[in-house]
Amino acid sequence: DAKTTQPTSMDCAEGRAANLPCNHSTISGNEYVYWYRQIHSQGPQYIIHGLKNNETNEMASLIITEDRKSSTLILPHATLRDTAVYYCIVPREDTGFQKLVFGTGTRLLVSP
Amino acid sequence: GAVVSQHPSWVICKSGTSVKIECRSLDFQATTMFWYRQFPKQSLMLMATSNEGSKATYEQGVEKDKFLINHASLTLSTLTVTSAHPEDSSFYICSASRYNQPQHFGDGTRLSIL
Numbered sequence: 105d106a107k108t109t110q111p112t113s114m115d116c117a118e119g120r121a122a123n124l125p126c127n128h129s130t131i132s133g134n135e136y137v138y139w140y141r142q143i144h145s146q147g148p149q150y151i152i153h154g155l156k157n158n159e160t161n162e163m164a165s166l167i168i169t170e171d172r173k174s175s176t177l178i179l180p181h182a183t184l185r186d187t188a189v190y191y192c193i194v195p196r197e198d199t200g201f202q203k204l205v206f207g208t209g210t211r212l213l214v215s216p
Numbered sequence: 488g489a490v491v492s493q494h495p496s497w498v499i500c501k502s503g504t505s506v507k508i509e510c511r512s513l514d515f516q517a518t519t520m521f522w523y524r525q526f527p528k529q530s531l532m533l534m535a536t537s538n539e540g541s542k543a544t545y546e547q548g549v550e551k552d553k554f555l556i557n558h559a560s561l562t563l564s565t566l567t568v569t570s571a572h573p574e575d576s577s578f579y580i581c582s583a584s585r586y587n588q589p590q591h592f593g594d595g596t597r598l599s600i601l
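From first to last, the protein sequence lines are chains A and B.
In terms of the working numbering, the first sequence opens at residue 105 and continues consecutively.
In terms of the working numbering, the second sequence opens at residue 488 and continues consecutively.
Hints listed in this document are in silico derivations from the structure and should not be mistaken for laboratory results.
Misleading hints may appear alongside valid ones.
Subject to a maximum C-alpha distance of 25 angstroms in a straight line, what follows is the list of computed DSS-like cross-link-like pairs (lysine-lysine) [claimed, not checked]:
#, chain 1, residue 1, chain 2, residue 2
1, B, Lys501, B, Lys551
2, B, Lys501, B, Lys542
3, A, Lys107, A, Lys173
4, A, Lys156, B, Lys553
5, B, Lys553, B, Lys528
6, A, Lys107, B, Lys501
7, B, Lys507, B, Lys542
8, B, Lys542, B, Lys553
9, B, Lys553, A, Lys203
10, A, Lys107, A, Lys203
11, A, Lys156, A, Lys107
12, A, Lys203, B, Lys542
13, A, Lys203, B, Lys528
14, A, Lys203, A, Lys156
15, A, Lys156, A, Lys173
16, A, Lys203, A, Lys173
17, B, Lys501, A, Lys203
18, B, Lys553, B, Lys501
Required output: the full structure, derived from the provided sequences and hints.
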């Protein structure tokens, strides 16, 4: 994958916005940015993905910088159930954009 | 939508036995299914990619004769761990996708080999 860099861990107060950054400076023009999360002892959950434009769905918003070298996942009102490891992944074009390579992600802890 | 079911959730078996894990896409036809393995405190590692009706493509270091993958239909893929040993104990997770849509994951199978 285009190498992604995320902080190891972040804390957020319940009800506040959680902003999770990701750097992907080697991303190529056709490669998407995907976000998944994994709650302890469960399979990963798809959150959102985008190419150039900012995206929003019922779970989160994805803000991609104009040069596409970084992005931010925003959980607008974090709840305790949002505590999880969040993965920013850029599947490579030469894999048909199929292969997801999971790094270490960001461990988000939402506290009361 | 995009529900992927994995069965069983957990299994304990004796060393030397074979274990089959099923992965089903419940509400969509998956053109591709993926199998991952996750050891404690580590991230998911892709084991193989499977397209319906064709042989699976295994990642480097994954023994295809030990981890048999069958993808007989657009909604079902199976992973069989043959002659399992304690070092095969892990969390096995499947995912499914339709063409270029995002992968959706099952809830995993925790395998313990005694």
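Each hint tested on the structure:
Taking the CA atoms of lysine 501 (chain B) and lysine 551 (chain B), the gap is near 21 angstroms; set against the 25 angstroms cutoff, the hint holds. Distance hint between lysine 501 (chain B) and lysine 542 (chain B) is unfulfilled; the C-alpha atoms sit about 29 angstroms from each other, more than 25 angstroms. A hinted pair counts as satisfied when its Cα atoms are at most 25 angstroms apart, and lysine 107 (chain A) with lysine 173 (chain A) qualifies at roughly 11 angstroms. For the given pair, lysine 156 (chain A) sits about 42 angstroms from lysine 553 (chain B) by alpha-carbon distance, which is inconsistent with the 25 angstroms threshold.
Simply put, lysine 553 (chain B) and lysine 528 (chain B) have alpha-carbon atoms about 24 angstroms apart, close enough for the 25 angstroms limit, and the pair holds. Between lysine 107 (chain A) and lysine 501 (chain B) the CA atoms are separated by roughly 40 angstroms; this puts the pair beyond 25 angstroms, and the hint is violated. Pair hint lysine 507 (chain B) plus lysine 542 (chain B) holds up; C-alpha atoms about 17 angstroms apart against a cutoff of 25 angstroms. Taken as a hint, the lysine 542 (chain B) and lysine 553 (chain B) pair is honoured in the structure, with Cα atoms around 15 angstroms apart against an allowance of 25 angstroms.
For a cut-off of 25 angstroms, the pair hint linking lysine 553 (chain B) to lysine 203 (chain A) stands: about 22 angstroms separates their Cα positions. Pair hint lysine 107 (chain A) plus lysine 203 (chain A) holds up; C-alpha atoms about 13 angstroms apart against a cutoff of 25 angstroms. Note on lysine 156 (chain A) and lysine 107 (chain A): the hinted pairing holds, with a Cα-Cα distance of about 18 angstroms set against a maximum of 25 angstroms. Only pairs whose Cα atoms come within 25 angstroms are accepted, and lysine 203 (chain A) paired with lysine 542 (chain B) is accepted, the gap being roughly 17 angstroms.
Distance check on the hinted pair: lysine 203 (chain A) and lysine 528 (chain B) sit about 21 angstroms apart at the alpha-carbon level, within 25 angstroms; holds. Between the alpha carbons of lysine 203 (chain A) and lysine 156 (chain A) the distance comes to roughly 20 angstroms, so the proposed pair stays at or under 25 angstroms and holds. About 10 angstroms separates the Cα atoms of lysine 156 (chain A) and lysine 173 (chain A), which keeps this hinted pair within 25 angstroms; it holds. With a CA separation close to 20 angstroms, the supplied pair lysine 203 (chain A) and lysine 173 (chain A) stays within the 25 angstroms bound.
In summary, the hint linking lysine 501 (chain B) to lysine 203 (chain A) is not supported, as the alpha carbons are separated by about 33 angstroms, beyond the 25 angstroms threshold. As the CA atoms of lysine 553 (chain B) and lysine 501 (chain B) are separated by approximately 16 angstroms, the hinted pair is consistent with the 25 angstroms bound.
Violation of the numbered hints given earlier is confined to hints 2, 4, 6, 17; the remaining hints are satisfied by the structure.
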